[in-house]
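Student: Sequence:
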Amino acid sequence: LPLCSRSLDLSARPLRRLPAPVCALRHLHKLYVSGVGLREVPDELAALRHLRTLALDGNELMEVPEALCCLPRLVHLYLGRNGLQGLPPAFARLQSLRSLWLEGNFVARFPRALLSLPGLRSLQLGDNRLARLPAALPRMAGLRALWLYGNRFEAFPPALLRAAQLRVLDLDRNRIARFPDLTPLRGLRLLCYDRNPARAPPRTGPDVRLVGEGARELMEARSQSLQAQREQEQEEEGAAAEAAPPPGSPLPEGGSATRCPRGT
Numbered sequence: 010l011p012l013c014s015r016s017l018d019l020s021a022r023p024l025r026r027l028p029a030p031v032c033a034l035r036h037l038h039k040l041y042v043s044g045v046g047l048r049e050v051p052d053e054l055a056a057l058r059h060l061r062t063l064a065l066d067g068n069e070l071m072e073v074p075e076a077l078c079c080l081p082r083l084v085h086l087y088l089g090r091n092g093l094q095g096l097p098p099a100f101a102r103l104q105s106l107r108s109l110w111l112e113g114n115f116v117a118r119f120p121r122a123l124l125s126l127p128g129l130r131s132l133q134l135g136d137n138r139l140a141r142l143p144a145a146l147p148r149m150a151g152l153r154a155l156w157l158y159g160n161r162f163e164a165f166p167p168a169l170l171r172a173a174q175l176r177v178l179d180l181d182r183n184r185i186a187r188f189p190d191l192t193p194l195r196g197l198r199l200l201c202y203d204r205n206p207a208r209a210p211p212r213t214g215p216d217v218r219l220v221g222e223g224a225r226e227l228m229e230a231r232s233q234s235l236q237a238q239r240e241q242e243q244e245e246e247g248a249a250a251e252a253a254p255p256p257g258s259p260l261p262e263g264g265s266a267t268r269c270p271r272g273t
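Here the sequence shown stands for residues 10 to 273, numbered as in this note's numbering.
Read the hints as simulated data drawn from the structure, not as lab findings.
Incorrect hints may have been included.
[What the hints assert, rightly or not] If you anchor each label on the Cβ, the simulated ranges turn out as follows:
1) Glu222 x Ala154: 51 to 57 Å
2) Glu222 x Arg26: 44 to 50 Å
3) Asp190 x Asp18: 43 to 49 Å
Using N, Cα and C, we set each Cβ at its ideal position, and we do this for glycine too.
Please work from the sequences and hints to get the whole structure.
Tutor: Printed below as a string of structure tokens:
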């Protein structure tokens with residue numbers, strides 16, 4: 010490959026270690042090494058300081074390589090389906106990161122390093138072993154989409170009630186028996202709650218699309234209620250228009266114009 014290459018895809022090729030020449034591509038912007046059986050990443054990866062997208066998903070990594078934490082321009086990172094149990098503190102250096110995929114690992118505690126990434130917008134933590142979230146989660150002010158399906162939540166995480174910036178929330182396949190009132194989450198637009206023991210759909214704002222058992226009936230009822238409300242408002246407006254006298258018509262006998270009191 011020429012040294013000026015901007016994108017390199019090594020996916021689906023058996024590799025145990027990233028070839029050293031790859032780390033000589035200093036102007037590389039995108040590197041895909043998915044599903045190759047990778048077990049380690051060389052320290053020389055830190056030389057790829059222009060890298061914006063890195064895909065290491067579907068490999069055999071047991072920990073996040075230290076060199077990965079030295080990529081200042083990294084925006085999209087895919088680490089799903091490895092053997093990871095957490096993230097190192099140095100992960101907080103990735104201040105340019107906007108989307109992180111960690112699905113299908115063995116994460117049992119929410120990585121604290123993520124709380125130091127206020128610019129992170131999309132976080133994929135599905136199919137892990139999480140049972141709770143830190144109270145400081147709302148500190149992630151940029152977070153818009155959070156996937157938590159297939160974890161071990163037995164109750165709705167209280168921290169999420171203060172995450173008003175969320176637009177997408179996926180809690181499918183957990184053990185939540187009851188959902189609180191979610192109307193305070195005014196930014197929410199999509200909520201997935203299917204395959205939980207909860208018997209009733211969550212209560213949400215009118216702009217939220219629901220995905221789960223009973224969601225279709227709820228959405229239909231909500232739509233019918235909204236339509237009925239609009240029809241009633243139109244009828245009231247029409248009745249008010251008919252009752253109003255035409256412009257320029259005289260006042261009824263004995264009537265007088267209301268005089269507003271003069272301000273003191």
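Student: Hint by hint, say whether it matches the structure.
Tutor: How the hints compare with the structure:
For the pair Glu222 and Ala154, the supplied restraint of 51 to 57 Å is violated, since their beta-carbon distance comes to about 22 Å. Between Glu222 and Arg26 the C-beta distance comes to about 46 Å, which sits within the given range of 44 to 50 Å. Checking the proposed 43 to 49 Å range against Asp190 and Asp18 shows it holds: the Cβ atoms sit about 47 Å from each other.
Consistency with the previously given hints fails for number 1 only.
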